[in-house]
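Once you have looked at the hints, place chain B on chain A.
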Amino acid sequence: MTTVQESAALSASSAEAATAKLNPRRLLVGPALIYLIILTQVPLLFTIYYSTLRWRLDRPNLGRPFVGIDNFTRIATDRNIPEILLNTVVLTVSVVVISLIVGMVLALLLNRHFAGRNIVRTLLITPFLVMPAVTAVMWKNVFFNASIGLFSSTLHWLGLGRVDWLGQFPMESLIAIISWQWTPFMMLILLAGLQSLGHDLIEAAQIDGAGPFKIFRYIILPHLYRYIEIGVLMETLFILSVFGEIFIVTLGGPGNQTTNLSYAVFKTAFESFRIGRASALGLFAVVIANIFVLLFIRVLRHQPQEAT
Amino acid sequence: MFEHKTTGRLLTVATYIIAIILFFPIFWMVLTSFKTEAIAFAFPPKLVFTPTLDNWRLALSDPFSKHLTNTVIIVGISTIAALVIGLPAAYSFAFYPTKRSDFTLMWMMSTRMLPPVGVIVPLFVIFRDLNLNDRHLGLILLYTAMNLPLVVWMMRSFLLDIPYETLEAARIDGATLLQEMRYIVLPLVRPGLMATALLSVIFAWNEFFFAFNLTASDAAPLSVFLSSFKTSEGLFWAKMSAAGTVAVLPVVIAGWVAQRQLVQGLTMGAVK
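Protein sequence lines, in the order shown, are assigned to chains A and B.
Mapping to this note's numbering: the first sequence position 112 is 112, numbers consecutive.
Mapping to this note's numbering: the second sequence position 252 is 252, numbers consecutive.
Derived by calculation from the structure, the hints in this document are not laboratory data.
Heads up, a few of these hints could be off.
DSBU-like, lysine-lysine: derived pairs with alpha carbons at most 30 Å apart [claimed, not checked]:
(1) A:Lys214 <-> B:Lys5
(2) B:Lys66 <-> B:Lys272
(3) A:Lys267 <-> B:Lys5
(4) A:Lys214 <-> B:Lys230
(5) B:Lys230 <-> B:Lys99
(6) B:Lys66 <-> A:Lys267
(7) B:Lys230 <-> B:Lys46
If you want a taste of the chain B side facing chain A, the calculated C-beta under 10 Å gives, among others [stated by the list, open to error]:
(8) Pro187
(9) Pro191
(10) Ala247
Take a look, some chain B residues computed to stay more than 10 Å from chain A by CB distance [as the list claims (entries may be wrong)]:
(11) Thr52
(12) Asp62
(13) Ile73
(14) Arg190
Predicted model only: the values in this text are computed from it and were never measured.
All residues carry an ideal CB built from backbone N, CA and C; glycine is no exception.
The shape of chain A in the complex, shown without the other chains:
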C-alpha cells in the first residue's frame, strides 16, 4: 500500500481495462460531472457576468446597467480594501502557523506509546468536529465576554482587572478561536506522516549518537515535508474563506478590524446590496484561492519517493 495515493494507481488499472475502450461504464462519470458543472461553474459564470453590472438589489428601479470594469476599478481605489486584505493575510497566516506548530508538538507527543493514547487523541481531535457556529457562540459568551466571561472573571479574581477581549483584541481572539478549531486538522495530517516513517531509520541515527533535535531536524522534518505542504495548503484554502466565526464573534468589527475578504463580500452583497461590486470582490477571492489550488494539485501530482 502506498502512503499517498496517486495517479500512478490510475495507469495500473487502465492497462487491464485497455480492452474496454468504448465501455459504457465510462459514462458513469457523467452525472457527477454534469452536476458539479451546473452547481459550481454555472454560478461562477454568473458571478463574472454580474461583476460587469451596476446592480443594487435594494433599488430595482435603477435596473442593472452594464458598467464594464467599473466595479473592479472601484475596488482597486476603495480605501477599505487594503485593510481587508491585510486582515485576511494576518488571520490566515497566524492560524496556519499556530496550528502547524501546536499540531506538530501534539503529533510528536501522540506518536509515542503510552497508556490512554487513543483517548487522548480522541479528545484532541474533538475541537475540529464541533460545529463552528457552536464554537463561536460558546467562546464569544462563556470565555471572552468582558464582564462575565471565564477569562475576564479569572483575571479579575486574580486582581489583574477585567479585559474586554473582543473589544481590545478582536483579531487575536478570533485567531485563538480558529487556531483551536484547526490545530487537530494539522495534527492528524502530521501524525499520519509520522506513522508512515519507519522506526529503523531513527534507530540507526540513535545508534550513531544523534540526539532528539538532530533526529527531528534531519530525519523527521524532511520526511514530513510533503505532509506539511498538504496541511498548510489545504488549511490556507479553508481559512481564507472563514466567515461564520467572524460573523458570530465580531461582526467584522470593531470598524473593519476583523473583516476578511469573505466577510467583505457578504457585507457588500447582503448589507449594502451592491451585487455587482460583491461579485467582483468574490471573483478576487476565487483568483487568490485558485493560486493555492494549483499549488496543491502540483503537490499531489508530485510522486513521493517512498511510494511503492
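Positioned in the frame of chain A, the structure of chain B alone reads:
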C-alpha cells in the same frame, strides 16, 4: 521513540495536560448544560451543583427541534444523493480511467476548494428567482455538490483496493452492472462507504455560510439557529450550552467512529 524513562513519563504527563486544556471548552459546555441559568455564569464557577435536565428538555423542544429536523433532512438527503451520484463516478474512475480522468479528478477537487463567496451572489439571486430560498431543497442541492468531490475521491481510493479480476469473474458469470454493484462492489467497500458517508454528514451538518445566506427561518438548519445565541450576554448560557451540546453530539460521535479515515477524507485521500 527516543527517551529515558523519566523524560518519557514527563512527556506523557505533558500530553495529558495539553489534551485536558484543549478539551476544556467542550467539557465546560457540557457541564454548563446541566446548570441552572443562575449558576451558569457564577464566578468562581460552581463545580458542585445539583444537575438539572431542564435545559436539555428546552433544547429538545421547539424551535430547536424544528431546526434539528431541518438539519437531519438536509444532511440525510444530501449525503445519500452525493453517494448515489458519486459512487458510479468513483467506480468509473477506478476501473475505466481515460486519458482525461486525472484532469477531471483534479478539477472535481478544485470545485470543493473554491471559496463559497465566489458563487454566493448568483446562488442567492437564482435561488430567489426559483423560489428555493429558505427551502430544504436549496441546501440539499448545494451540500450534494459540496460532498460530491469527497465521495468520488474517497470511494475511488477504496475501490482501487478491489482487484479488477474479481469484477471480471462476476461479469463472466453473467452479472449485470447493477448485480455487480449490488453483490460484489458494495459489500467489498462497505467500511469505506460508511466512512465516506460519515465524513459527508460531518461537513454538511457543520456548514454555516450557505445555510446562513440561503435560509431564513423555515428551512434554517441547526448551525443557523445556534448562531442566534451570539448576543445571549449571560442570559441563556445554560440553554445555549445544552442546545450546543445536542447540536454537536451526533457529529462528534460520527467523527470519533470515523477517526481512522478522518485524515484521508479531510485531505481528499492525499494522506492515508
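Hint check results:
no.: 1; hint: A:Lys214 <-> B:Lys5; verdict: 20 Å, holds
no.: 2; hint: B:Lys66 <-> B:Lys272; verdict: 38 Å, violated
no.: 3; hint: A:Lys267 <-> B:Lys5; verdict: 57 Å, violated
no.: 4; hint: A:Lys214 <-> B:Lys230; verdict: 48 Å, violated
no.: 5; hint: B:Lys230 <-> B:Lys99; verdict: 51 Å, violated
no.: 6; hint: B:Lys66 <-> A:Lys267; verdict: 28 Å, holds
no.: 7; hint: B:Lys230 <-> B:Lys46; verdict: 23 Å, holds
no.: 8; hint: Pro187; verdict: 19 Å, violated
no.: 9; hint: Pro191; verdict: 15 Å, violated
no.: 10; hint: Ala247; verdict: 6 Å, holds
no.: 11; hint: Thr52; verdict: 18 Å, holds
no.: 12; hint: Asp62; verdict: 19 Å, holds
no.: 13; hint: Ile73; verdict: 17 Å, holds
no.: 14; hint: Arg190; verdict: 19 Å, holds
Hints 2, 3, 4, 5, 8, 9 from the list above are not met by this structure, while the remaining hints are.
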